[in-house]
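Enquirer: Sequence lines, in order, name chains R and D.
When we follow our numbering, the leftmost residue of the first sequence carries the number 1, and every step to the right adds one.
When we follow our numbering, the leftmost residue of the second sequence carries the number 1, and every step to the right adds one.
To be clear, the hints were calculated from the coordinates, so they are not data collected in a lab.
By construction, the Cβ of each residue, glycine as well, lies at the ideal position given by its N, Cα and C atoms.
Short derived list, chain D residues pointing at chain R, Cβ under 8 Å:
id	residue
1	6
2	12
3	13
4	29
Okay, here's what each chain looks like letter by letter:
Protein chains: 2
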Amino acid sequence: MRTYLDCYPCFVRQALSAARMAGADDGVQRRVVLGVLDLLRALPDGATPPEVAYRVHALVRAEAGHGDPYAAVKESTTRAALALLPRLTELVASSADPFATAVRVSIAGNVIDFGVGEEVPDLWATVERVLAAPLDTRDLELLRGALDGADHVLFLADNAGETVFDRVLVETLATTHAVPVRYAVKGGPVLNDATRDDAAAAGLPGCATVVDTGSDAPGTTPDLCSPEFRACYEAAPVVVAKGQANYETLSEAGPRVFCLLQVKCPVIARDVGVPVGSVVVRQSGPR
Amino acid sequence: MRTYLDCYPCFVRQALSAARMAGADDGVQRRVVLGVLDLLRALPDGATPPEVAYRVHALVRAEAGHGDPYAAVKESTTRAALALLPRLTELVASSADPFATAVRVSIAGNVIDFGVGEEVPDLWATVERVLAAPLDTRDLELLRGALDGADHVLFLADNAGETVFDRVLVETLATTHAVPVRYAVKGGPVLNDATRDDAAAAGLPGCATVVDTGSDAPGTTPDLCSPEFRACYEAAPVVVAKGQANYETLSEAGPRVFCLLQVKCPVIARDVGVPVGSVVVRQSGPR
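Start from the sequences and build out the full structure, keeping to the hints where you can.
Expert: Structure representation (structure tokens):
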């Protein structure tokens with residue numbers, strides 16, 4: 001998905017928010033914002049929003065002299081999500097359709113997104129909302145079917161804390177599809193995206209092979225990833241791609257990719273063709 | 001009030017929204033956004049948000065070749081407000097404290113603000129919310145007292161449509177204080193701020209002397225206004241200043257100025273020292 005003009009104010013807001021999380025003083029905050037204005041002024045044609053965010057957050061980290069501005073919120077949201085884990089597991093276990101329920105639980109976790117704002121809505125209320133939300137069952141059934149015949153699945157993680165909700169789906173797949181999972185996190189910190197440390201804190205190594213993209217770009221842009229990850233990505237018979245940034249980079253990556261997300265911004269809502277707040281399972285188009 | 005870094009994304013969003021209201025095509029929208037990035041990059045120290053908005057919206061009108069991008073929403077919100085006028089008048093007439101109720105009604109109208117977003121909340125629900133909201137009665141009583149001894153009052157209008165709610169207060173003042181009102185609108189279109197035409201559409205000429213600032217700057221920055229208006233402003237024993245932009249330009253303009261507004265953004269909330277959503281009557285500081 002291309003970067004719309006509507007995304008420009010969002011990048012400025014996001015950079016300022018990240019600079020403050022990094023403890024930057026007023027002068028540094030100002031350098032960050034002016035730097036982002038310059039960066040947006042000179043944007044190359046066709047850059048996707050995650051590619052722009054990649055540059056924006058590299059600028060913030062460099063100006064603020066902080067390697068991981070979101071470290072504290074990643075830790076606290078992971079802790080909050082882990083506190084819900086027993087209830088989430090029980091929810092799936094007692095469901096008439098554990099696979100569908102686990103998919104919804106994983107999508108519920110996508111509400112933890114500091115790219116969108118600085119407040120995370122109540123997690124349990126979000127689970128209840130997402131469980132009750134309308135969902136395109138056609139694409140959900142296509143995913144169920146694709147997993148039936150797959151020897152493994154590549155799961156592209158999004159945010160720390162959301163990882164715990166993903167773990168519920170990964171653990172469920174072991175029962176419903178007996179399919180091994182490669183769980184891919186970012187190669188370095190960007191926004192509140194999960195890294196290996198965040199996946200470990202959420203307990204993913206106990207149920208999946210954790211790999212990383214070799215890159216600190218949000219979303220999944222194969223050209224920005226390591227050769228090892230590209231090989232892993234190309235080899236995957238099914239790819240589960242979590243969150244808006246993965247949708248933005250992979251919505252046209254072909255039918256083996258399934259995007260699972262909550263729609264949190266009007267630009268993506270328009271692209272997907274659903275209202276803001278929607279819960280989406282969407283098989284990717286062409287390729 | 002100075003322009004905070006938090007205001008930068010808001011200006012970009014506002015400019016894009018205005019360009020679209022003006023019917024600008026993708027190319028023009030892009031020129032507008034890049035122009036605003038340049039403008040923000042080169043901002044002089046100490047510019048208030050309304051001074052920046054003045055430049056931003058002049059740029060939009062020039063690039064889009066449209067003299068009044070908000071003409072349609074100004075007309076429709078005025079119409080919607082006029083439909084409520086009988087109920088608003090009855091509300092004040094049946095109140096135990098018509099002055100206080102009319103002040104709240106006027107503040108309720110401040111919800112019509114296309115600088116903040118593109119949707120206007122339900123007007124009647126807003127009236128009920130503002131009537132029930134906590135309000136600093138100390139400053140309300142200071143305003144009541146100042147009006148008691150005044151030979152006239154200068155009312156600085158904010159937005160079209162809000163004008164109808166102001167009319168209720170202006171008509172009430174004729175009864176409660178027998179004080180003549182000069183109702184000041186903008187000298188030309190900017191955002192959805194009221195001009196002479198908008199005041200006329202709301203029926204203000206029937207109850208007040210309508211004057212204009214001689215300027216199309218939002219808020220009230222005397223240096224940007226006509227000499228006639230500056231004289232009118234200097235001569236006023238009491239000034240009622242509506243909305244965020246007037247607060248941003250006049251919050252330190254001295255104790256004869258009373259700002260009446262709804263707080264719709266976190267930056268102003270921090271400056272006033274109240275939560276977003278607050279209903280405010282605030283006597284201005286020093287001078």
